[in-house]
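Chemist: Chains as they are written, first to last, in my numbering: chain A, 29 to 530; chain B, 4 to 279; chain C, 5 to 347; chain D, 46 to 385; chain E, 245 to 559.
Each hint should be verified, as a subset may be incorrect.
Only pairs whose alpha carbons sit at most 16 angstroms apart, straight line, appear in this in silico EDC-like list of lysine to aspartate or glutamate [stated by the list, open to error]:
{"no.": "1", "chain 1": "A", "residue 1": "449", "chain 2": "A", "residue 2": "421"}
{"no.": "2", "chain 1": "A", "residue 1": "153", "chain 2": "E", "residue 2": "289"}
{"no.": "3", "chain 1": "A", "residue 1": "328", "chain 2": "B", "residue 2": "45"}
{"no.": "4", "chain 1": "C", "residue 1": "179", "chain 2": "C", "residue 2": "47"}
{"no.": "5", "chain 1": "A", "residue 1": "484", "chain 2": "A", "residue 2": "472"}
{"no.": "6", "chain 1": "C", "residue 1": "179", "chain 2": "C", "residue 2": "98"}
{"no.": "7", "chain 1": "A", "residue 1": "146", "chain 2": "E", "residue 2": "289"}
{"no.": "8", "chain 1": "A", "residue 1": "157", "chain 2": "E", "residue 2": "466"}
{"no.": "9", "chain 1": "A", "residue 1": "149", "chain 2": "E", "residue 2": "289"}
{"no.": "10", "chain 1": "A", "residue 1": "400", "chain 2": "B", "residue 2": "45"}
{"no.": "11", "chain 1": "C", "residue 1": "177", "chain 2": "C", "residue 2": "98"}
{"no.": "12", "chain 1": "C", "residue 1": "244", "chain 2": "D", "residue 2": "308"}
{"no.": "13", "chain 1": "A", "residue 1": "153", "chain 2": "E", "residue 2": "285"}
{"no.": "14", "chain 1": "A", "residue 1": "122", "chain 2": "A", "residue 2": "166"}
{"no.": "15", "chain 1": "D", "residue 1": "307", "chain 2": "C", "residue 2": "246"}
{"no.": "16", "chain 1": "A", "residue 1": "275", "chain 2": "B", "residue 2": "51"}
{"no.": "17", "chain 1": "E", "residue 1": "401", "chain 2": "A", "residue 2": "283"}
{"no.": "18", "chain 1": "D", "residue 1": "126", "chain 2": "E", "residue 2": "297"}
One side of the interface only, derived from the structure: several residues of chain E facing chain A at Cβ under 8 angstroms [said to hold, decoys possible]:
{"no.": "19", "residue": "328"}
{"no.": "20", "residue": "378"}
{"no.": "21", "residue": "381"}
Everything labelled a hint here was simulated from the structure, so no lab data went into it.
Note that CB positions come from ideal geometry on N, CA and C, so glycine has one too.
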Amino acid sequence: GDSSTTTTSSASPTLSTTTASNSAPSGNKILKIGLKADPPNLDPYGSSALVDRMVQNSIFDKLFDLDKDGKIIPMLAESYEVDSAGKNYTIKLKSGVKFQDGTDFNAEVVKFNFERNKEDKSKRKNELKFVDKITVVDPSIVKIELSQPFSPFISVLTDRAGMMVSPEAVKKYGDDFLNHPVGTGPFIFVEHVNGDHVTLKRNDNYWNGKPKLDGVEFKVFTNGPAAIQNLKSGQLDLLDDLTVATKLIPSIKEDANLTVISNPGMGYQGIHLNTTKEPFTNKYLRAAVDRAIDRDTVIKVLMDGYASPANSPFAPGNLAYGDSDKVEKPDPAIIKDLLAKGGKPDGFSFKFQIGTSPSQEQFGAVVQNMLKPYNITVELEKIEFGQLLENGDKGNFQALQIGWSGRPDPDQSFYDFVVTKGPQNYSHSSIPEIDKLATEGRQELDDAKRKAIYDKAMTILHDEANYVYLYHVNNVFGLSKKISGFNYVPDGVFRTATIDKK
Amino acid sequence: MKEFKKFFRTGLGLIGALIIVSLLLAAIFAQQIAPIDPNAQDYNHILEKPSRDHFFGTDDLGRDIFSRVIRGAQISIKAAVISVGIAMLIGIPIGLLSGYYRGFWDEWIVMRSVDAMQAFPFLILALAIAAVLGTGFGNAMLAIGIGFAPSFVRITRGQVLALRSLEYIQAAKAIGVKDRNIIFGHILPNALSPIIIQSTLAMASGILAEASLSYLGLGVQPPAPSWGSMLNQAQGLLSAAPYAAYFPGAAIFLVVLGFNLLGDGLQQYLDPKVKE
Amino acid sequence: MSKPLLEVRGLTKFFPIKQGFFNRTYGYVRAVDGVHFQVSTGETLGIVGESGCGKSTTGRSIIRLIEPTAGEVLFEGKDLVKLPNEVMRRMRKDIQIIFQDPYASLNPRKTIRQILLEPLHVHQVGTKAERIQNIEEMIEIVGLKKEHLDRYPHDFSGGQRQRIGIARALIVKPKLIIADEAVSALDVSIQAQILNLLKDLKKKLNLTVIFISHDLSVIKHTCDRVAVMYLGKIVEIADKQELFRNPCHPYTKALLSALPVADPLVKRARIILKGDLPSPTNPPSGCSFHTRCEYAKDICKSIAPTLTEIYAGQLVSCHFVQEGNDHIALHEDTWRKEVKHEL
Amino acid sequence: MSLLLEITNLKTSFRTVHGKITVVDGVHFSMLPGQTLGIVGESGSGKSVTSLSIMGLLPQTGYAEGEIRFNGQDLLSYSEKQMQNIRGNEISMIFQDPLTSLNPLHTIGRQIQESIRIHQKLKKVEAKQKVIALLKAVGMPRPEEIYHEYPYQLSGGMRQRVMIAMAMACEPKLIIADEPTTALDVTIQAQILDLMRELKEHSDTSILLITHDLGIVAEMCDQVIVMYAGQVVEETDVNTLFDNPKHPYTIGLMNSLPDINKDREYLAAIPGSVPFAHQMPRGCRYSTRCSQVMEQCLSEAPPLIAKANHKCRCWLFAEGGLGYEQTAPGSEGINQILSY
Amino acid sequence: MSFLIRRIALTIPILFLVSIMTFSLIHLIPGDPARVILGQEATPESYQTLRHELGLDQPIVIQYVNWLGKVLRGDLGMSITDHVPVIQLISQRLPATIELTIGTFIVAVLIAIPTGILAAARRKTWLDYTSTFTALGGMSVPNFWLGMMLIIFFSVKHNWLPSSGYTPITQNLAQNITAMILPCLATGLRESAVLMRMLRSSLLDVVNMDFVRTAKAKGLNEFRTIIGHVLRNALIPVVTTSGIMIAGLLGGLVITESIFSIPGFGRLIVESVFKRDYVTVQGAILISAALVVLVNLCVDLLYAAIDPRIRAGEG
Ligand SMILES: Nc1ncnc2c1ncn2[C@@H]1O[C@H](COP(=O)(O)OP(=O)(O)OP(=O)(O)O)[C@@H](O)[C@H]1O
Ligand SMILES: Nc1ncnc2c1ncn2[C@@H]1O[C@H](COP(=O)(O)OP(=O)(O)OP(=O)(O)O)[C@@H](O)[C@H]1O
Ligand SMILES: [Mg+2]
Ligand SMILES: [Mg+2]
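Same shape as in the complex, but just chain A (with noise of 0.2 angstroms):
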């Protein structure tokens, strides 16, 4: 039988976080989907984990959303003007729109979600900090002023800042509206237990369309196997992320009632350098480093081939993806030219910064492997996450293994990365071109002039080489067949809008 169907979730009135007005969803249509982290802050304006977006989306609309293709289209904007300048966005609003309280969905709100999320607590204050002045025209129309040109700006829109929140809700659970989030999106918020699961009933008014399931419930598994194990028993329906065990995928394609999707992911994998200490002060040694690793390899090994080499930040379907993410397989001559240039002829050796997980530790054995033939010692140093990024920030490492899940936009996996003084410039390097180039990358509005600015940085950046782009990971899901509607979109979130099951 279908075993899902047993299990109807209850909330327990104790445990969880529900209201009077919440109840759990009724009927037999729950997709459950598996995530591989609790999700700890549900409000757009504090989140700073990825996995929070995979909940937030069904519960909140934003003002912009990613096509399958990662086109940017309207979503409770009804369209938007930007003038030449590239300072002044109108946007227009749909209309009719409510929020799951109740309450009216309008330009007012706008403002006050744009207001909210530039407070100082904010975690959406830096991509919002361009956002000068926000004028309610009428009910379906603001205006927003920028500081300066900023051409991520309504990509950014199609993430958490886009995110409309119920100015009402706010007011009424003030700093616990994190525990009650009210959006305008299909799936109304019951209950969140830690660690456990995430329960969302349908919006019945939902105003683009009922949505056809009757809820969601997200089941945290933080043991990537066990998860894969329960969509094959039928507890799930929808994984978030395969490449956590990629040796397993296979058993999970064989399984005639589960597909698996997988498609190029918007971020990417690789090393920072530490361009301040020895010996990565020496850009050829850097740059031996970075072509002494072979990624076809790295993504066999490691990935199982679920991801694409990288050798620049922008991955397969961004705007500034093109030949400078090119790779060529490792050649010992180069490479022991490199190691002349840098006066290390017979090599040298470095401490290597990682992750505590197995998979970075796998990650961690394989770059020491493959920089083993060239004398180059790597030793690895397991760091906790926390520590690596705070040695990320001041620049305690040599070499140091962090990525990024990557953002729609160009700028949003460059500009911070590379600028002297970026908060993710961990390689702590300055380069006044790259400077210039990353600022006119985020002013330039034509999409054509922006992609040679990237290309002509990225030659620069490949000289230099204090970032080794490894891959780009691909978002690899695990869906049940008696799932339809699903449509894939590249940022790898979820819209469980669409989606109905059998």
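Put chains B, C, D and E with the ligands on the given structure of chain A with help from the hints.
Modeler: Relative to chain A, chains B, C, D and E with the ligands alone:
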């Protein structure tokens, strides 16, 4: 000789000793037993089933699991000896002094701290200490050592309390022997049996704890072949390559069993309370 | 009488009983409660009494194996109780103790040689060679052989171990020996060996001994003077001959009469005491013996008698004896009323 | 009168690390109804093992051979089930240490009741009444309250009274008392011995009294057995024994006792100590310590020789040798034997 | 009663020490919570803001005093990463762990009691040796490995039992139980070994005691002796061991919980350590220590139920 025979009769203890000796031999002659480099990656032979070339198969980086398991013996022995050594170094002197002098320090500082530390779940204590000290083998050992120390404080103190009222200790005092000599010359040697038993049993736990910490990612630095971290790697592959989990787990099991058997045997042999 | 070697004045030891909140002391075991006595050089003083009456505590308090709660222990005029630890440690050369349990009183991990060398070493007696000679002599004095020196205690029988314990106590030539139930754990035949040995040594070395035992016949055999203890107090102290001929305290009488005599022809009227020994935690008011004493009057319940000399050298702690009450005379006869039945 | 208990050639052995050791080797004796038989001997001479053999309560490693006839029936041939009917019913036992011999977790009442309810199938109420009567009989104050109390609440003497009450519960024909007063103080011992004497006077129960105290034997017993190294070395009535002991060991034992009524400079100690069970001398077991030892003693073990009502395991007794008579107690000669 | 009060009184300094130890440990752990919360997208300003908001810029003693003050008023604070009251996090996570603990204990007892008695009764026979050896074996199996082996056999190979997931009892009893079987087995087998050995040696100790001989001398048969006299006395050390075991399990199930993806209390602590959610860690460890203390209290009560000496406050 009679002593040896007595020990011999406790056959299980002997099996334990045998297992540990084999482990020692494996650690010493790792190079000869498993000549394949445990860290050599062979991307053409990933996750292969056990075969003549790779007795235990290969892991997800194409490394020879047999070699890694054998080398793992070195780490395990070090883990056992170092962690328990640290625990004893901390625990025994504290236990001796606080048991001998009693009083406020003993009752309110030492024993309450021991209580408090034992109210912590052990693994979480070790984990927190390891997190404080940072990952790495040495720190993991220190963490486990500190985690084990309270049990040595307790057992040593218990012995001291039992011994200090014994007439030969009183006699030493009556003779005018200095406290230091009473503690280290008379009490410690007589308190040793249970401490030795405890230490063998703790070594078993030490190996398990090292494996657990490594399993949680706080143990040795990669690519060192700790059995715990091998299992951690293998866990993701249970359905694809279960044998990657069989062997390191079996190795841990065997060695821990060895120490437990030895500890049990020693107990039969040293502890007069365990009657024939 | 010459100046006493040891004079104990008002020796008191209360063991705190800790319980309740934060181990608060809520009571005391009054193990020894104001004990006075003297021991002269060359004399053997016996302390006798039932289990738990405080004999061992008295003995151990004298050499400060237990720190007394109050009182003075004047040894050659110096108050041991007040000595700093280090000075006391050195004083221990002069006062030694022999323990009861021959199994527990020797460190099982040391050879007899090590056991005997330790006191010499601690007190820096003689050169190395002299020490060796010293222990070899001593081991023969206590009736063992030189060959025994390199063995471990477990190779010896109980009696032999007790000899080793005696040798350890004597090797530093102490002025005072405290023998705490030194023969109680031994079988009669072995006990006799040890008693003989002690007697012999006493003569040879002019030892002063405090001999603690619960066995009246052993006390009688060994001692010159005897103190009878009951619930932490001395109830009677007298010259041996006097005490056994004319016990004055009702408890002493009862104790003597309770002793089984190894002669079926002696049938005598016993004084069977009623009840049990009261708890030292909560001793009876007044005379602590009044709960079991058949002569107890009201005064006994309220006022504790003091130890008073009634005859020369015979001190008794009883209201009636002191008042010259005639129950003593009366009773004196009863317990001696032995009738020999011929078969 | 027919014999109540008759033990012939009892041999009790233990399987140990050092192989089989025989700790009771050829014990013979018999008891009449109503008699009090004392067994004395040094520690380890096999007194307790003998009594446990009778009760069939040897530890698993031990086994008894020979014959133990109780009312004519050989107990050694009894099944465990049959023995259970005997124990506590026809033969009961009082142990040395009253503290450890009572179950600390059960009330006094429950513990005494147990045997009554098993053997006499009494109802609870009746059993309780009987227990209270028993407690009264052994001189317990406040029996109704004591019934509900636990062993830790009682003193040593009271616990031993409980043990006695328990032993008497089913009016057994034989009570084996293994050092019933050793753990007690003299004044308490006097109380308990007094009680036992009194109880015996009111019933015709036989008592097998095991002790190492000759004083107790003299006071309590009719007939006495002296054991040495697992053997009976002498058996006779109590007056004969004290008046005219025959075995050198018995004599030695008596002379080594400090006597409250006599003043002696030295005691006549027996030199040496009891040989270990696994290294017994070939001849007489006492030969290693005997002051009268002869050639014959070293090579040939003497049997238990009976003369009139006096049995003795000594070659001198067989010969009735003269030098032997001289060493009777009181003679000063033996006092010269020094222990070292 | 007084022993109970004393017991409770004794726990206060223990809990106090635990809180100090936890607090200092967690604040010694490198890696600033603010940094972890902010993740990769942090800017220096947002970092400072958050530190201030969390009170991390205050001296550590002040932080401790503030925290303690709140705890004394019954407020364990808000999780800094999950933004819910710590008490709620704990109450969400505790049921699974308690259930796991009980399940483990049941498995342990079900196996240990019969085998322990059997081994003691048939001492020095092959039965005894086999069970002793098996128990030593059981004690030696790393429970994470055992967990994996059980998953391989029961879930991967045969798909008889789910390998993971947790359904609250209140939701679906059958699912709850099927999901609990493997994890309880994985930890229970080891604990049963410990318990069995304890019971065996305790039984053997008691069997040799004098009062057992007394019981036999009264004519009790083997069965009545064992049940009426031996077992109850032998249970005393077993109860202690069980207490220690349960106390250890409450926080020590981390690994089992992570292998079987059970949202338990142990994992909460570990995750919070990794997330540097020090408020949760402090609260959770304090609660876990309190639970340990509570379990010990129950053990003492059980003691008292078994042993009249303890009831009277003696011994
Ligand atoms: N360390 C101690 N702590 C508490 N009470 C003690 C201690 N030592 C002895 N006592 C108590 O003091 C009292 C006297 O004890 P002590 O050992 O002096 O008696 P004793 O006369 O030597 O008895 P015994 O004949 O049994 O050796 C007893 O009630 C005993 O319980
Ligand atoms: N279970 C046993 N296994 C081996 N030897 C035993 C066992 N029980 C007793 N013995 C030995 O049997 C001998 C006689 O012991 P038993 O207990 O009968 O002596 P006893 O005369 O009662 O001595 P005590 O006066 O000390 O009670 C001793 O040497 C003892 O070591
Ligand atoms: Mg004493
Ligand atoms: Mg005996």
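Chemist: Of the hints given before, which are not true for this structure?
Modeler: 8, 18, 20, 21
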